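Number of protein chains: 2
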Amino acid sequence: MGLNVAVVGATGAVGREMLAVLEQRKFPASSVRAFASQRSAGVKLPYKAGEIVVEPVLDGWHNGIDCALLSAGSSISKAIAPAAAEAGVVVIDNSSAFRMVPSVPLIVPEINADDLPPRGKGCIIANPNCSAIILLMGLTPLHRAFGVERMVVSTYQAASGAGAQAMAALEQETREAVAGGAPRATAFHEPYAFNLFSHNATVDPVTGLNGEEQKVIEESRKIWNDPSVRISVTCVRVPVMRAHCESVNVTLKTPATLAQVRERLGSFHGVSIVDDRLGNRFPTPQKASGGDDVLVGRLRADPSQLPPGASPDSPTRGFDLFVAGDQLRKGAALNAVQIAERMFL
Amino acid sequence: MGLNVAVVGATGAVGREMLAVLEQRKFPASSVRAFASQRSAGVKLPYKAGEIVVEPVLDGWHNGIDCALLSAGSSISKAIAPAAAEAGVVVIDNSSAFRMVPSVPLIVPEINADDLPPRGKGCIIANPNCSAIILLMGLTPLHRAFGVERMVVSTYQAASGAGAQAMAALEQETREAVAGGAPRATAFHEPYAFNLFSHNATVDPVTGLNGEEQKVIEESRKIWNDPSVRISVTCVRVPVMRAHCESVNVTLKTPATLAQVRERLGSFHGVSIVDDRLGNRFPTPQKASGGDDVLVGRLRADPSQLPPGASPDSPTRGFDLFVAGDQLRKGAALNAVQIAERMFL
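In order, the protein sequence lines correspond to chains A and B. Take the first sequence: its letters are residues 1 to 345, numbered as in our numbering. Take the second sequence: its letters are residues 346 to 690, numbered as in our numbering.
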């Protein structure tokens, strides 16, 4: 007796990855149906040895579905998630539509699985913003052990966060650039080949924060259930395909040694330490791409928070680190499937 | 009666840019000679309407030279700069060889021209690290007006900082990647196409800082003549050709409003503000490439240092900003020529 699973937005970069993750993790589905817009209906998507034919989202699409993974954008989620949940479906929504709704849990399973709703009835569970997930995977072990007082974050975000079209645009613009073509902006407000730019989310004219930065701040506080954590974050899009990196400066509430920091990170499920000072091997998008773990490295005592003359091995409240995670996997599809596993397995 | 100028390391990315900048700025040279390794002797470099034939660096190379711009690496600089200075040449050295020697001035003309040595005799003047120059161009206006207590910096550094070969490698690796080839690491320890990685400078096994980060910290303190300024910096190489970006979180000594910060930056020679919140137009490598000014934008009050509920327009000590500068120009060749201008014009 397996589960009936729906992936909505199945033709997108995250939707396709959801199908791949369901298959790779042997999610016990007796049926997997793929939904997308009318325009994509009839498209065949690979799944296991065969194919799934994409269906349009029509009234009653959720009949018989136990678990629906949504990645079709906020407006679709707002339109279809509440009725499906009402009808008994466990809806795991990758859009930002419900993340900050107080009654909707916002879940990274390794971090706050305790906030999941009770099993056995319909609900909406929000999958967090990719940059927030990847950041918090690296910081939660430190938050639990020592308390995070403040984080200063700068991101290096991949094309995939803006979807399959953005990835194709980066490739095509780059192809033109190496052929000697003039820079063109095709998917974003700035040319992307051999360039980088402030994240494309709308900038709040009052605070100067863009939407991505606002999400990282708000969602981190909700996931940690800690409205007091202080966050400065700058979100930047770099010409990389599918893994985000983040440079993080953290101030802890209680001092720790580098060895303690390393021990806490190394024992956290879902985190791998890549931190070879002698070999200069640290997390990169390439190492994170296609993998499940968030990679953490460049671990070091922050010299700006060490007392003058103090050893970098002595207890201190300031550390620098660098994290990398696959945006399509832990930043989206994998996290959503992990939520489904917690709800059903 | 013009000056006799030598460019040593003239065939490199910075050397070629030095020749271009001398020409563009109409530096009053009656002769410009180009020097490089024996291997490059005889190469012809474009200059003004004609060409300069590259000479090898032989004993007495500096006879008759008034000003030598060196960009041939630390070991060459160490070998040839002292004797040239002794013989009366004003040596402006782009390597790291002499930067931290207490008797050698380390100069960004807009910032500390007062530290230049007296005219009329030979000397060595060090050109700072590119990341330090670009950072301090953006931060000095704030340091002068409000005092900088602490900076947390993450860099997005271009290939050009590692020379012409690294730029060619980025292009070639990218060409292979868009043709479907497997990633290869040809110029650095990591593949570069559609990737990014912790800076290639050697990592100190005790502090965990790499050499680039150490330079930013030490050189910033020397240029500002302020050993107390606290700096956390993470240096990252991104797949961009010739302009560096830096995400900076700053804590000022005295509070300022965003309007005051903007006013100070806007009136600093060599800085241009690119900060269009509504249009989402901010500094990028592409906008900085080929230009002289360091671009500054994403100006905003740091929400992690604003008291809860405070307006982002109220006086505060914390700000976030994003800077971009051409690594070959203001980060190297332009700054060196500007030093020469201050010494002779």
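Quick caveat, the hints were computed from the structure, so don't treat them as lab data. Treat the hints with care, since some could be wrong.
[As the list claims (entries may be wrong)] Which residues of chain B face chain A? A partial, calculated answer using Cβ under 8 Å:
id: 1; residue: Q383
id: 2; residue: S385
id: 3; residue: K389
id: 4; residue: T531
id: 5; residue: A532
id: 6; residue: V548
id: 7; residue: V581
id: 8; residue: F627
id: 9; residue: D637
id: 10; residue: R645
id: 11; residue: E686
Keep in mind that this is a model prediction, so the values were computed, not measured. Just so it is clear, CB atoms sit at the ideal spot from N, CA and C, and this is done for glycine as well.
Do the hints match the structure? See the list:
1. Checking B/Q383 against chain A: minimum C-beta separation of about 31 Å lies over 8 Å; hint violated.
2. Restraint check, B/S385 versus chain A: the minimum CB separation of about 26 Å is more than 8 Å; hint violated.
3. The closest approach between the C-beta of B/K389 and any C-beta of chain A is roughly 23 Å, which is over the 8 Å cut-off, so the hint fails.
4. Evaluation of the B/T531 hint against chain A yields a violated restraint, the C-beta minimum of about 14 Å exceeding 8 Å.
5. Checking B/A532 against chain A by beta carbon gives a least distance of about 14 Å; that is not within 8 Å, so the hint is violated.
6. For B/V548, the interface hint holds, the least distance from its beta-carbon to any beta-carbon of chain A being 4 Å, beneath 8 Å.
7. Against a cut-off of 8 Å between C-beta atoms, the interface hint on B/V581 holds, since the closest Cβ of chain A lies about 7 Å away.
8. Interface restraint check: B/F627 against chain A, minimum CB-CB distance 4 Å, threshold 8 Å, status holds.
9. Proximity of B/D637 to chain A is violated relative to the hint, the smallest CB-CB distance being about 19 Å (cut-off 8 Å).
10. With a least beta-carbon distance of about 3 Å to chain A, the hint placing B/R645 at the interface is held under the 8 Å criterion.
11. At its closest, the beta carbon of B/E686 sits 31 Å from a beta carbon of chain A; the interface hint therefore is violated under the 8 Å criterion.
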